[in-house]
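There are 2 protein chains.
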Amino acid sequence: MQGKIITISRQCGSGGHSIGSELAKRLDVPFYDREIIEMAAKESGFHQGFVEEKEEHMNSSLLFNIARYASYGGRGRYEDYQPLQDQLYFAQVKVIKELAGKGPCVIVGRCADYILRDRKDVLNIFIHADMAFKKKHCMERGQFSEGDNTEDRIRRRDKFRADHYQYYTDRKWGDSFHYHLCLDSSAFGIEGCVSIIEDACRGMHPAL
Amino acid sequence: MQGKIITISRQCGSGGHSIGSELAKRLDVPFYDREIIEMAAKESGFHQGFVEEKEEHMNSSLLFNIARYASYGGRGRYEDYQPLQDQLYFAQVKVIKELAGKGPCVIVGRCADYILRDRKDVLNIFIHADMAFKKKHCMERGQFSEGDNTEDRIRRRDKFRADHYQYYTDRKWGDSFHYHLCLDSSAFGIEGCVSIIEDACRGMHPAL
Numbered sequence: 001m002q003g004k005i006i007t008i009s010r011q012c013g014s015g016g017h018s019i020g021s022e023l024a025k026r027l028d029v030p031f032y033d034r035e036i037i038e039m040a041a042k043e044s045g046f047h048q049g050f051v052e053e054k055e056e057h058m059n060s061s062l063l064f065n066i067a068r069y070a071s072y073g074g075r076g077r078y079e080d081y082q083p084l085q086d087q088l089y090f091a092q093v094k095v096i097k098e099l100a101g102k103g104p105c106v107i108v109g110r111c112a113d114y115i116l117r118d119r120k121d122v123l124n125i126f127i128h129a130d131m132a133f134k135k136k137h138c139m140e141r142g143q144f145s146e147g148d149n150t151e152d153r154i155r156r157r158d159k160f161r162a163d164h165y166q167y168y169t170d171r172k173w174g175d176s177f178h179y180h181l182c183l184d185s186s187a188f189g190i191e192g193c194v195s196i197i198e199d200a201c202r203g204m205h206p207a208l
Numbered sequence: 001m002q003g004k005i006i007t008i009s010r011q012c013g014s015g016g017h018s019i020g021s022e023l024a025k026r027l028d029v030p031f032y033d034r035e036i037i038e039m040a041a042k043e044s045g046f047h048q049g050f051v052e053e054k055e056e057h058m059n060s061s062l063l064f065n066i067a068r069y070a071s072y073g074g075r076g077r078y079e080d081y082q083p084l085q086d087q088l089y090f091a092q093v094k095v096i097k098e099l100a101g102k103g104p105c106v107i108v109g110r111c112a113d114y115i116l117r118d119r120k121d122v123l124n125i126f127i128h129a130d131m132a133f134k135k136k137h138c139m140e141r142g143q144f145s146e147g148d149n150t151e152d153r154i155r156r157r158d159k160f161r162a163d164h165y166q167y168y169t170d171r172k173w174g175d176s177f178h179y180h181l182c183l184d185s186s187a188f189g190i191e192g193c194v195s196i197i198e199d200a201c202r203g204m205h206p207a208l
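Respectively, the protein sequence lines represent chains Z and X.
Per this note's numbering, residue 1 is the first one in the first sequence, and the count goes up by one each step.
Per this note's numbering, residue 1 is the first one in the second sequence, and the count goes up by one each step.
Hints may be right or wrong, so weigh each one.
Anything over 10 Å on all C-beta distances counts as not near chain Z; from chain X, calculated [as the list claims (entries may be wrong)]:
| # | residue |
| --- | --- |
| 1 | ASP28 |
| 2 | LYS97 |
| 3 | ARG157 |
| 4 | LYS172 |
| 5 | PHE177 |
With a Cα cut of at most 20 Å, we get these calculated EDC-like pairs of lysine to aspartate or glutamate [what the hints assert, rightly or not]:
| # | chain 1 | residue 1 | chain 2 | residue 2 |
| --- | --- | --- | --- | --- |
| 6 | X | LYS42 | X | ASP28 |
| 7 | Z | LYS172 | X | ASP158 |
| 8 | X | LYS94 | X | ASP33 |
| 9 | Z | LYS172 | X | ASP163 |
| 10 | X | LYS102 | X | ASP28 |
| 11 | Z | LYS172 | X | ASP175 |
| 12 | X | LYS172 | Z | ASP130 |
| 13 | X | LYS172 | Z | GLU98 |
| 14 | X | LYS172 | Z | ASP163 |
| 15 | Z | LYS4 | Z | ASP121 |
| 16 | X | LYS97 | X | ASP158 |
| 17 | Z | LYS97 | Z | ASP118 |
| 18 | X | LYS172 | Z | ASP175 |
| 19 | Z | LYS159 | Z | GLU198 |
| 20 | Z | LYS135 | Z | ASP148 |
| 21 | Z | LYS172 | X | ASP170 |
| 22 | Z | LYS102 | Z | GLU35 |
| 23 | Z | LYS172 | X | GLU35 |
| 24 | X | LYS172 | Z | ASP118 |
| 25 | Z | LYS120 | X | ASP130 |
| 26 | X | LYS120 | Z | ASP130 |
| 27 | Z | LYS120 | Z | ASP86 |
| 28 | Z | LYS159 | X | ASP175 |
| 29 | X | LYS159 | Z | GLU98 |
Residues on chain Z that point at chain X, a partial pick, calculated with CB under 8 Å [claimed, not checked]:
| # | residue |
| --- | --- |
| 30 | PHE46 |
| 31 | HIS47 |
| 32 | SER176 |
| 33 | LEU181 |
| 34 | LEU183 |
| 35 | ALA187 |
| 36 | PHE188 |
| 37 | SER195 |
| 38 | ILE196 |
Source of the hints: derived by calculation from the structure; they are not laboratory data.
Glycine is no exception: its CB is placed at the ideal position from the N, C-alpha and C atoms.
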């Protein structure tokens with residue numbers, strides 16, 4: 001297990017955060033989820049609250065990109081017109097590469113599997129679950145307020161994550177071929193997933 | 001673990017057959033892979049060798065279906081013009097449902113995860129691997145002759161499996177959301193995958 005960086009991609013409400021956090025504790029390595037936002041805020045110079053808000057609501061980047069560049073008549077360097085979403089993404093890329101360079105850790109979300117694709121010491125995990133499990137998990141964690149249409153919000157958030165991943169990686173989010181291990185947390189439970197990942201790390205092929 | 005039916009879908013050369021076979025031995029339950037062909041042959045009335053050949057080379061079923069039916073002027077019962085591919089598929093559906101009805105077992109391939117989707121006692125696994133692993137595994141098992149373009153043949157076989165699965169299930173083959181557990185056998189090795197699946201079965205959520 002020593003020397004492994006574990007990335008966890010996850011559906012909203014699947015318990016990926018809890019699984020990653022518990023796994024990091026058991027392995028005694030640093031855990032990064034929303035901490036990356038704070039670091040990316042510092043990196044990019046934006047206010048943290050602003051980055052947090054943008055992180056969950058950014059989309060249509062490509063069209064926005066083109067429209068913004070065109071609105072300036074396409075003059076000058078493209079980088080000078082780089083939209084917020086791209087600025088934040090590249091700040092996160094820098095932060096994630098730096099964290100991975102420091103040694104073993106668990107990183108949740110933010111295309112970390114793709115960003116670290118050239119490293120040989122990374123184990124990529126994807127966690128998904130059925131809607132009943134995701135809804136229950138979100139309600140228990142107080143992730144959405146009473147009266148919210150929880151199912152709709154979960155679907156929208158997953159749609160955003162899938163689109164975001166596809167846009168920056170040109171890969172399909174949740175396609176098993178891109179991960180070493182994919183788990184249905186509604187089948188195994190949070191604790192069960194942590195144990196399976198721990199077992200998997202121990203039994204890993206030496207070549208990886 | 002008692003009472004579970006395990007379906008294993010797998011890329012060509014990923015070791016899915018070996019993993020399933022070893023798993024069945026450890027769990028002391030029946031194992032079905034190509035045995036299903038023999039049973040489907042009996043069920044459909046076709047010769048086994050003919051079924052085996054058709055199983056790896058059938059495609060374009062929909063177009064063939066329509067063209068064949070149309071060539072008879074669309075008269076009579078559609079079932080009477082059902083093409084070979086569909087006749088064999090439905091024979092396999094019947095065989096797989098009967099096998100599952102007999103109790104715990106391991107079934108490899110043949111859309112078994114989809115065919116048994118209404119049962120609550122099924123654990124669905126998908127095994128994939130990188131091309132280097134798949135090539136090595138196929139050569140070691142003598143699956144292709146010397147001089148064959150092994151990579152091309154592996155790709156063609158996986159393409160056929162993906163198309164076949166998509167046609168009969170309207171699902172994307174290898175999309176993690178349809179399986180409880182997806183494993184990269186080039187990361188964990190054959191033995192490692194067997195152990196992870198065993199561990200996963202033990203840690204399964206009681207609700208499944």
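Here is how each hint holds up against the structure:
1. Every Cβ of chain Z is farther than 10 Å from the Cβ of X/ASP28; the closest lies at roughly 21 Å, confirming the non-interface assignment.
2. Once the 10 Å rule is applied to beta carbons, X/LYS97 is consistent with being away from chain Z; the minimum gap is 22 Å.
3. For X/ARG157, the shortest C-beta to C-beta distance to chain Z comes to about 15 Å, beyond the 10 Å cut-off, and the non-interface label holds.
4. Not every CB of chain Z is more than 10 Å from the CB of X/LYS172 (nearest about 8 Å), against its label as outside the interface.
5. Taking the minimum C-beta to C-beta distance to chain Z, about 5 Å, the non-interface status of X/PHE177 is violated against the 10 Å cut.
6. For the proposed pair X/LYS42 and X/ASP28, the alpha carbon gap of about 26 Å is over 20 Å, so the pair is violated.
7. A hinted pair counts as satisfied when its Cα atoms are at most 20 Å apart, and Z/LYS172 with X/ASP158 qualifies at roughly 18 Å.
8. With a C-alpha separation of about 15 Å, the suggested pair X/LYS94 and X/ASP33 falls inside the 20 Å cut-off, and the hint holds.
9. Taking the CA atoms of Z/LYS172 and X/ASP163, the gap is about 18 Å. The hint holds against a cut of 20 Å.
10. As the CA atoms of X/LYS102 and X/ASP28 are separated by approximately 14 Å, the hinted pair is consistent with the 20 Å bound.
11. Between the alpha carbons of Z/LYS172 and X/ASP175 the distance comes to roughly 9 Å, so the proposed pair stays at or under 20 Å and holds.
12. Restraint check for X/LYS172 and Z/ASP130: satisfied, since their Cα atoms lie roughly 17 Å apart, inside the 20 Å limit.
13. Restraint check: the Cα-Cα separation between X/LYS172 and Z/GLU98 comes to about 36 Å, which exceeds 20 Å; the hinted pair is violated.
14. Of the supplied pair hints, the one linking X/LYS172 and Z/ASP163 holds, its CA atoms being roughly 18 Å apart against a limit of 20 Å.
15. A C-alpha spacing of about 5 Å is found between Z/LYS4 and Z/ASP121, which places the hinted pair at or below 20 Å, so the restraint holds.
16. A distance of roughly 25 Å separates the Cα atoms of X/LYS97 and X/ASP158; the hinted pair therefore is violated under the 20 Å criterion.
17. Proposed proximity of Z/LYS97 and Z/ASP118 is supported: the alpha carbons are some 11 Å apart, at most 20 Å.
18. The straight-line distance between the Cα atoms of X/LYS172 and Z/ASP175 is roughly 9 Å, inside the 20 Å bound, and the hint therefore holds.
19. Distance check on the hinted pair: Z/LYS159 and Z/GLU198 sit about 29 Å apart at the alpha-carbon level, beyond 20 Å; violated.
20. Proposed proximity of Z/LYS135 and Z/ASP148 is supported: the alpha carbons are some 11 Å apart, at most 20 Å.
21. Note on Z/LYS172 and X/ASP170: the hinted pairing holds, with a Cα-Cα distance of about 17 Å set against a maximum of 20 Å.
22. For a cut-off of 20 Å, the pair hint linking Z/LYS102 to Z/GLU35 stands: about 15 Å separates their Cα positions.
23. About 35 Å separates the Cα atoms of Z/LYS172 and X/GLU35, which puts this hinted pair outside 20 Å; it is violated.
24. Between X/LYS172 and Z/ASP118 the CA atoms are separated by roughly 27 Å; this puts the pair beyond 20 Å, and the hint is violated.
25. Proposed proximity of Z/LYS120 and X/ASP130 is supported: the alpha carbons are some 14 Å apart, at most 20 Å.
26. For the hint pairing X/LYS120 with Z/ASP130, the CA-to-CA distance comes to about 14 Å; that is within 20 Å, so the pair holds.
27. Simply put, Z/LYS120 and Z/ASP86 have alpha-carbon atoms about 26 Å apart, too far for the 20 Å limit, and the pair is violated.
28. Taking the CA atoms of Z/LYS159 and X/ASP175, the gap is about 15 Å. The hint holds against a cut of 20 Å.
29. Pair hint X/LYS159 plus Z/GLU98 does not hold up; C-alpha atoms about 39 Å apart against a cutoff of 20 Å.
30. With a cut of 8 Å, the hint placing Z/PHE46 at the interface with chain X is violated, because the nearest CB-to-CB distance is about 33 Å.
31. With a least beta-carbon distance of about 36 Å to chain X, the hint placing Z/HIS47 at the interface is violated under the 8 Å criterion.
32. Proximity of Z/SER176 to chain X holds as hinted, the smallest CB-CB distance being about 4 Å (cut-off 8 Å).
33. Look at Z/LEU181: its Cβ gets to within about 6 Å of chain X, closer than 8 Å, so that hint holds up.
34. Hint status for Z/LEU183 relative to chain X: holds, with the closest Cβ pair at about 6 Å, below 8 Å.
35. Interface restraint check: Z/ALA187 against chain X, minimum CB-CB distance 4 Å, threshold 8 Å, status holds.
36. Because the smallest distance between the Cβ of Z/PHE188 and any Cβ of chain X comes to about 6 Å, under 8 Å, the interface hint for this residue holds.
37. Residue-level restraint check for Z/SER195 holds (minimum Cβ-Cβ distance to chain X is 5 Å; threshold 8 Å).
38. Given hint, Z/ILE196 at the interface with chain X, holds; its Cβ is 5 Å from that chain's nearest Cβ, closer than 8 Å.
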